[in-house]
Amino acid sequence: MLVHLLLLAVLVFSLDWQAMVKPGAERRKAPVQAVVVDASKLDSEIQRQQQLEEKKQREEQEKLKRLEQRASEAEQKRKQEEQRLTDLKLKQEQEVRRKKEEAKKQAEAKKKAEAEKKRKAELAAKKKVEEDKKRKAEAERKRKEEEKRKAEAERKRVAEEKRKAEAELKRKEEAQRKAEAERKRKQEEARRKAAEQELNARLAAEQARMAAQRQSAMQRMINEYGQYIKEKVQRSWIRPPGSGSELSCTVEVRLIPSGEVIDAQIVRSSGNPAFDRSVESAVFKASPLPVPPDSEVMEQFRSLRFEFKPG
Amino acid sequence: MKTICIALLGICLYLPGWLPAALTIEITQGVEGAVPIAVVPFDTANNRQPPPQDVAGIIAADLARSGRFAPVPEQNLIARPVETSQVRYQDWRTLGVENLVIGSVETVADNEYSIKFRLFDVLRGRQVTGYSMPAKSEQLRYVAHRISDIIYEALTGEPGAFATHIAYVISESKNGKKEYQLQLADSDGYNPKTLLTSQQPLMSPSWSPDGRQLAYVSFEKKGRAAIFVQAIHTGKRQEIVSFEGINGAPSWSPDGRSMAVTLSRDGNPEIYSLRLSDKKLKRLTNGAAIDTEPVWSPDGGSIVFTSDRGGSPQLYRMPAQGGRAQRITFEGNYNASADFSVDGKSLALVHGEGGRYQIAVLDLDSSLLRVLSDGRLDESPSFAPNGSMIIYATESGHRGVLAAVSSDGRFHQQLSLREGNVREPVWSPFVGRK
Numbered sequence: 014m015l016v017h018l019l020l021l022a023v024l025v026f027s028l029d030w031q032a033m034v035k036p037g038a039e040r041r042k043a044p045v046q047a048v049v050v051d052a053s054k055l056d057s058e059i060q061r062q063q064q065l066e067e068k069k070q071r072e073e074q075e076k077l078k079r080l081e082q083r084a085s086e087a088e089q090k091r092k093q094e095e096q097r098l099t100d101l102k103l104k105q106e107q108e109v110r111r112k113k114e115e116a117k118k119q120a121e122a123k124k125k126a127e128a129e130k131k132r133k134a135e136l137a138a139k140k141k142v143e144e145d146k147k148r149k150a151e152a153e154r155k156r157k158e159e160e161k162r163k164a165e166a167e168r169k170r171v172a173e174e175k176r177k178a179e180a181e182l183k184r185k186e187e188a189q190r191k192a193e194a195e196r197k198r199k200q201e202e203a204r205r206k207a208a209e210q211e212l213n214a215r216l217a218a219e220q221a222r223m224a225a226q227r228q229s230a231m232q233r234m235i236n237e238y239g240q241y242i243k244e245k246v247q248r249s250w251i252r253p254p255g256s257g258s259e260l261s262c263t264v265e266v267r268l269i270p271s272g273e274v275i276d277a278q279i280v281r282s283s284g285n286p287a288f289d290r291s292v293e294s295a296v297f298k299a300s301p302l303p304v305p306p307d308s309e310v311m312e313q314f315r316s317l318r319f320e321f322k323p324g
Numbered sequence: 002m003k004t005i006c007i008a009l010l011g012i013c014l015y016l017p018g019w020l021p022a023a024l025t026i027e028i029t030q031g032v033e034g035a036v037p038i039a040v041v042p043f044d045t046a047n048n049r050q051p052p053p054q055d056v057a058g059i060i061a062a063d064l065a066r067s068g069r070f071a072p073v074p075e076q077n078l079i080a081r082p083v084e085t086s087q088v089r090y091q092d093w094r095t096l097g098v099e100n101l102v103i104g105s106v107e108t109v110a111d112n113e114y115s116i117k118f119r120l121f122d123v124l125r126g127r128q129v130t131g132y133s134m135p136a137k138s139e140q141l142r143y144v145a146h147r148i149s150d151i152i153y154e155a156l157t158g159e160p161g162a163f164a165t166h167i168a169y170v171i172s173e174s175k176n177g178k179k180e181y182q183l184q185l186a187d188s189d190g191y192n193p194k195t196l197l198t199s200q201q202p203l204m205s206p207s208w209s210p211d212g213r214q215l216a217y218v219s220f221e222k223k224g225r226a227a228i229f230v231q232a233i234h235t236g237k238r239q240e241i242v243s244f245e246g247i248n249g250a251p252s253w254s255p256d257g258r259s260m261a262v263t264l265s266r267d268g269n270p271e272i273y274s275l276r277l278s279d280k281k282l283k284r285l286t287n288g289a290a291i292d293t294e295p296v297w298s299p300d301g302g303s304i305v306f307t308s309d310r311g312g313s314p315q316l317y318r319m320p321a322q323g324g325r326a327q328r329i330t331f332e333g334n335y336n337a338s339a340d341f342s343v344d345g346k347s348l349a350l351v352h353g354e355g356g357r358y359q360i361a362v363l364d365l366d367s368s369l370l371r372v373l374s375d376g377r378l379d380e381s382p383s384f385a386p387n388g389s390m391i392i393y394a395t396e397s398g399h400r401g402v403l404a405a406v407s408s409d410g411r412f413h414q415q416l417s418l419r420e421g422n423v424r425e426p427v428w429s430p431f432v433g434r435k
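Residue numbers (our numbering), protein chains in the order written: chain A, 14 to 324; chain B, 2 to 435.
Derived by calculation from the structure, the hints in this document are not laboratory data. Ideal Cβ placement from N, Cα and C applies to all residues, glycine included. Among the hints, a few may not be true.
Claimed, not checked - Keeping only pairs whose Cα atoms sit at most 20 Å apart, straight-line, the calculated EDC-like set for lysine to aspartate or glutamate is:
1. A/K133 - A/E115
2. A/K245 - B/E27
3. A/K322 - B/D256
4. A/K163 - A/E153
5. A/K243 - B/E33
6. A/K140 - A/E158
7. A/K322 - B/E180
8. B/K346 - A/E151
9. A/K243 - B/E27
10. A/K245 - B/E33
11. B/K346 - B/D409
To be verified - Reference excerpt, derived from the structure (chain A facing chain B, CB under 10 Å, subset only):
12. R162
13. K163
14. A164
15. Q247
16. I251
17. Q313
18. E320
19. P323
Claimed, not checked - Covered stretches of chain B (chain A as the covering partner; in silico rule of three or more C-beta atoms under 8 Å from a C-beta of chain A):
20. 26 to 39
21. 155 to 161
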């Protein structure tokens, strides 16, 4: 309300200030323009001055009237403001009353809700206890059942194990029996084989000894008669004069058991016909060749190869 | 058990590799020498008079002279078969001969003979070859030589050179006058024929390659040397060159178109090549030394000659067109008178060392020199056309005689010749043969 009053005061003052300034400005200009004046114009001027005076008076009256009006309006406004403040105070008192009532209501509602809540909690706790009891009973039942099942399984397992152990024992006994039989059989076999081997070895050694003896005897004969033949052919060989040591040739000779040469073939020629011929002649000339009387050894001499290479 | 043993042994013996498939025996030693051969005297029963020549004797001598065969002496012959049916191989084998020759000479007409011969391989018991040949009495020696050639070729694989000739110069004093003769004889020195007689020296006979002509040097024109060519059969002769000074040592080229000669027409003895068609000369050597005794290689590509350019007479070889000569003898202080073997691989030459002059053979590949003769003044070696022998002149009883040596030096023989001093023998080429 004080603010309103202040606002109003400010408004009034500003309006007043504007009205005062404007006419003063116009008055300072007037003396400068009134240098040249004629009679006619003076008349009109007096007339106009009169008119202006009139107008000024009229405007003073109007202004006074307006100020009065304005004061009454302010009075009216002050009364209205007083009314409004009274109303406001009443309203505030009503509001406090209403709030007190509401708080009381709320407290009651709260008390009631709490009672309800307590009741519900008690109910839930009771229910829970009951449920726990029931669950525990069920679990106990199940545990007992499981124990019973396990006991049964264990019993069965033990029975099976026992059966198996018995079977294994039986199997082992059988295997041992068989192994024993096999061992005996093998022993017998080994004994038999060893005997056979020994016999064979003795036989083979005897044969080898005989063969070696025979072989060395044969080889001796072969060497011996090879030397006889060599000497006889060398005695029979007349090398062509001037045939140098660079010549050589090979002749293959076939003999009959008496040692007679029945065929002589140059298998590698010296390239010199006279030399080749001398070689063939030597072999024929040496015929009959000295051959071993042993017919088996003689077989080695049926086909001979001579290499003629003068040193 | 015993049977098993024997069976096993049998298997062992027949196992391949147990013993070598064929026994090999090495023969490293043999007697280098002549092959024993029996040449039985030819049967002459079917003649009113005995034939003038001992054909079997000529054959035996030929074969012996070659050095390749050793004929059994006549008194050692154990039998005298005439027909094949009479030949008992075993007898001849016992005697140690490898081959046997039998034959006969039979009069078929007046002065007409039929000569039959057979050659047997005693060791193999079979006939090798056999021919029947007609001959007049003066041809009997030649036919005998032909038979020797056939036998030689059958047994050695090389052609024989018995039925060839030798030419030589023989000189003798008659009534205080010296007489020179150019003669021709069989390869064994028999049947000498005089081709030319001159009171002036004759020298350096040389055979044409076809064996139809002889070139030689004659001093018949007032003691001036000239080279002549003479046909053997017609005796027709022709002077080839006779320049101032030396005209010597003619040698035919293998194609017979040229002759290498020694001339001193330009002041010093040099070797020239003479084209026979137009007698155009080409000088092949040029130097202050004596260059002489040219001989052509069988391929005609080079000429070997004697030169003393190195201080002593030695052999040199140069291209047949002339050019750089290379010395080829280095052993001894005298090597001259070269003659090429037919294969061109060796030279026969006179080798002088320690005052002795002997016949030697130089192997051209190895440069090895082998002395063959053992005379004091041996000269003019000449190869047989088959290379098996060398004929040369040697001194015997203060005169020159002909001698032959097998080309391996094993067999020496002086050839029978009449009186006279024999020089410069030259062996003919094969005539009228392949």
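Starting from the hint list further up, note which numbers the structure goes against and sort them upward. Structure breaks hints 1, 3, 6, 7, 8, 12, 13 and 14.
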